[in-house]
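Undergrad: If you want the building blocks of each chain, they are given just below.
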Amino acid sequence: EDQVTQSPEALRLQEGESSSLNCSYTVSGLRGLFWYRQDPGKGPEFLFTLYSAGEEKEKERLKATLTKKESFLHITAPKPEDSATYLCAVLSGSARQLTFGSGTQLTVLP
Amino acid sequence: SAVISQKPSRDICQRGTSLTIQCQVDSQVTMMFWYRQQPGQSLTLIATANQGSEATYESGFVIDKFPISRPNLTFSTLTVSNMSPEDSSIYLCSAQIGGTNYGYTFGSGTRLTVV
Numbered sequence: 001e002d003q004v005t006q007s008p009e010a011l012r013l014q015e016g017e018s019s020s021l022n023c024s025y026t027v028s029g030l031r032g033l034f035w036y037r038q039d040p041g042k043g044p045e046f047l048f049t050l051y052s053a054g055e056e057k058e059k060e061r062l063k064a065t066l067t068k069k070e071s072f073l074h075i076t077a078p079k080p081e082d083s084a085t086y087l088c089a090v091l092s093g094s095a096r097q098l099t100f101g102s103g104t105q106l107t108v109l110p
Numbered sequence: 001s002a003v004i005s006q007k008p009s010r011d012i013c014q015r016g017t018s019l020t021i022q023c024q025v026d027s028q029v030t031m032m033f034w035y036r037q038q039p040g041q042s043l044t045l046i047a048t049a050n051q052g053s054e055a056t057y058e059s060g061f062v063i064d065k066f067p068i069s070r071p072n073l074t075f076s077t078l079t080v081s082n083m084s085p086e087d088s089s090i091y092l093c094s095a096q097i098g099g100t101n102y103g104y105t106f107g108s109g110t111r112l113t114v115v
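Note that the protein sequences, when read in sequence, are chains A and B.
Position one of the first sequence corresponds to residue 1 (this note's numbering), numbered consecutively onward.
Position one of the second sequence corresponds to residue 1 (this note's numbering), numbered consecutively onward.
For lysine-lysine, the following BS3-like pairs were computed, each having C-alpha atoms within a straight-line distance of at most 27 Å: (1) LYS42(A) with LYS63(A); (2) LYS42(A) with LYS65(B); (3) LYS7(B) with LYS42(A).
Listed next, the stretches of chain A that the computed footprint assigns to chain B, with coverage defined by at least 3 CB atoms under 8 Å from CB atoms of chain B: (4) 38–46; (5) 100–110.
Honestly, the hints are just simulated from the structure, not real lab data.
Just so it is clear, the structure is predicted and the values come from calculations on it, not from any experiment.
For glycine and all other residues, C-beta sits at the position ideal for the given N, C-alpha and C.
Model the full assembly from the supplied sequences, consistent with the hints where possible.
TA: Structure below.
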């Protein structure tokens, strides 16, 4: 059974204070690892897909990396508008649906 | 990018009644997915809906409680039947649009409160 574990559960940063969120996974045949951002009361917003170990993707202040066991979402010089819950999900084997982690609630203080 | 329109965005319902949630995709998709997100928790898949066939339900979810329709390649509904306060959650629909490079797109969610 696929498992996705995110840490920390919650993270409070000062504006400009860089940090990383972790997503550890156990799957049978990774087809893709996905990062989403979710604002309160809204559906998840797609950020990145990573397919293989060593792959990296960037978007503004966010950079996602992937190893064979985990993925990191690096946030450089965050701003208050980066405050949200960040969700990690995997697609494995012949599955058609995603398995989600429990998310990291990020708060960036001005 | 593709859009999924979901409605209603929120509702407050009486115990024992039913609510039907609608999702409209602006392009044709093979599969649509229905998720539940309980307060402070992550997403749990309820079922996968294919056009022209019965939905496939995950463990712990049954058709009598969560009937799903998928009349065409752009539309699906989820009904939450005989509601109880434990059904209070956010319900989300999703579809893979444009291949995995674009991830799975989600609707904006329906916040359901059962009183």
